[in-house]
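Trainee: Given next are the chains, with one letter for each unit.
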Amino acid sequence: MRTASGDARAMRSVPLPATEPVAASSDGASAEASWPDFEAFVREAEPRLSRALAAAYGFEDGRDATAEALAYAFEHWARLQHVANLPGYLFRVGQSRGRRRRQPVIFAVAECTDYAFEPGLPQALASLTQRQRLAVVLVHGYGYTLREVAELTGIRPTTVQNHLARGLARLRSRMGVTDGT
Amino acid sequence: MAPDLRDQIHALMEHGIQPVATVDIASRQSGRSSPFPAIEARPGLRRKRTVVVAAGAAAAACAAGLAMAQLGGSGAGGTRPARPESAVLTAAMLRHLTAASRLALAQSGRAVVTSREVLGGKLQQTGTDDITFDGRNWNDSFTVSTPAAAEQPASRESAINRVVDGRAYDYFVAADGLAWYHEVGPDAVANLAIPDPRALLRELAPAARFAEGGRSVLAGVSVTKLTATNVRGLPSLSSPDIWPAGTISALSIWVDGHGVVRQVTVTGTQIDHVGTLTSGKAVRHQLARFLAQVSALERRDHLTRAQAMERVKFLVVGHELRRLYIPGFKTETDVTTMTIRFTDIGQPQVIRAPADAIRVYGRG
Chain A
9 MRTASGDARA MRSVPLPATE PVAASSDGAS AEASWPDFEA FVREAEPRLS
59 RALAAAYGFE DGRDATAEAL AYAFEHWARL QHVANLPGYL FRVGQSRGRR
109 RRQPVIFAVA ECTDYAFEPG LPQALASLTQ RQRLAVVLVH GYGYTLREVA
159 ELTGIRPTTV QNHLARGLAR LRSRMGVTDG T
Chain B
5 MAPDLRDQIH ALMEHGIQPV ATVDIASRQS GRSSPFPAIE ARPGLRRKRT
55 VVVAAGAAAA ACAAGLAMAQ LGGSGAGGTR PARPESAVLT AAMLRHLTAA
105 SRLALAQSGR AVVTSREVLG GKLQQTGTDD ITFDGRNWND SFTVSTPAAA
155 EQPASRESAI NRVVDGRAYD YFVAADGLAW YHEVGPDAVA NLAIPDPRAL
205 LRELAPAARF AEGGRSVLAG VSVTKLTATN VRGLPSLSSP DIWPAGTISA
255 LSIWVDGHGV VRQVTVTGTQ IDHVGTLTSG KAVRHQLARF LAQVSALERR
305 DHLTRAQAME RVKFLVVGHE LRRLYIPGFK TETDVTTMTI RFTDIGQPQV
355 IRAPADAIRV YGRG
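Order-wise, the sequence lines are chains A and B.
Using my numbering, you'd call the opening residue of the first sequence number 9 and step up by one each time.
Using my numbering, you'd call the opening residue of the second sequence number 5 and step up by one each time.
What the hints contain is simulated information worked out from the structure, not anything from laboratory work.
Incorrect hints may have been included.
Partial pick of chain B residues on the chain A-facing surface, computed with a CB cut under 8 Å [as the list claims (entries may be wrong)]:
1. Q12
2. L16
3. I21
4. P23
5. V24
6. V92
7. A95
8. R99
9. H186
10. G189
11. V339
12. T343
Just so we're clear, the structure is a prediction, and the values are computed from it rather than from any experiment.
For each residue, glycine too, the CB sits at the ideal point set by N, CA and C.
Can you build the whole structure from these sequences, using the hints too?
Mentor: In structure tokens, the structure reads:
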């Protein structure tokens with residue numbers, strides 16, 4: 009109605025009240041509970057999401073997908089905080105973001121002199137299918153149960169087991185590893 | 005080297021995974037539907053305002069580091085490697101900047117909006133809006149100046165619009181004299197139409213291809229100027245009450261070292277058809293249009309004819325006014341330049357309900 013770009017009803021040269029300028033100061037803000045809840049959720053769920061999405065899309069894009077998924081949760085927190093399997097839900101949100109990239113999975117590691125893994129491992133992992141990588145990394149690398157991976161990724165436990173077996177076989181083949189782990 | 009494949013996989017993943025912190029989450033807020041509503045306070049953020057603002061600053065710093073790295077500057081803080089040098093910000097860089105800015109300005113701050121409108125080479129109007137906001141509370145102290153013209157003297161008009169806890173107040177000269185008025189009624193707050201300068205941040209589309217335009221200092225803060233090199237890539241600004249009407253012909257932003265937009269300058273250009281209401285046919289046409297608007301308002305908002313006519317008068321001031329003129333007599337180019345400077349970013353603002361405001365119904 010009345011802005012600098014369009015005045016309205018009759019106004020004259022009005023002396024603005026000297027006592028009314030808005031001053032900055034700290035004031036007590038109304039309490040809301042959702043932000044602390046969200047922070048707690050992030051602390052709990054972020055590692056799982058980061059690992060799963062990094063396994064699926066590589067370190068860089070996985071991190072992006074994790075941030076996107078958690079940003080989605082941040083934005084829709086009021087609605088989402090009561091979702092039963094929220095990490096699983098957000099994993100799919102992250103997947104939908106990750107799919108847009110359509111880039112090869114890259115497990116790029118910084119140069120270091122003391123690798124705790126075979127130099128060929130990143131490339132060998134990248135050669136697996138996405139579900140095989142998820143199963144191998146989460147179950148074999150992090151010790152998740154098949155059910156935990158199934159809940160997170162929306163895949164049946166038996167299917168996770170199948171991908172795990174095939175992925176490990178392929179990984180060992182690529183790396184020439186014969187140990188039974 | 006770990007011989008066990010299980011340990012190797014774990015080591016590789018732990019070596020490569022970088023945790024996602026809340027600052028990274030917050031920096032992803034761009035492009036979403038109204039993450040930071042203008043009037044309505046965002047539930048869950050207010051209590052933790054300082055945390056969020058701090059997070060915003062950190063996210064902004066990260067964004068700035070990335071942006072500066074891309075622009076070949078010396079910004080610090082980015083964890084990712086600099087991408088190939090280019091003078092044009094990528095979509096991701098721009099999203100980072102706008103997200104960091106919107107986050108930093110999500111709860112409170114101040115924006116000074118100055119505008120200058122030139123029609124056919126002649127200054128038509130200048131205006132200043134000094135806007136402060138803090139959650140649901142807003143204050144717009146504005147001044148509109150019009151230079152002397154052949155038929156009227158120069159004028160300078162000022163007033164204050166204010167919203168406190170969902171209640172509308174304004175300070176101006178009315179029938180009761182110069183005073184604070186407390187406007188009541190279903191549309192009292194909406195009718196104040198306090199512009200939200202942050203809305204412009206949503207319009208910074210990557211397709212505009214923002215390129216670095218040099219460094220400068222604004223209010224003691226070192227800033228980098230980014231100019232849209234393809235203004236046709238910008239979406240059409242849809243709030244003529246706030247932004248210059250017409251086609252955006254220039255847009256620049258100034259970004260500080262934390263990636264927060266400190267200033268925006270936008271220029272709108274439109275062709276006006278200037279004439280006078282002397283043609284009987286044109287008068288009838290415009291009168292019919294006016295009455296149609298009145299009737300629509302009567303039905304939509306359940307107003308009386310007088311109320312609706314008063315409302316339409318408001319609707320046709322400013323940019324809309326010229327549409328009442330007859331097209332075809334003469335065309336002139338209207339150029340409006342608006343500068344928005346953000347200050348007190350994230351700083352709490354105290355906006356109080358004025359004491360002794362005169363309660364009125366339906367003025368607005």
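Trainee: Going through the earlier hints one by one, which of them does the structure break, listed in rising order?
Mentor: Violated: hints 6, 7, 8, 9, 10, 11, 12.
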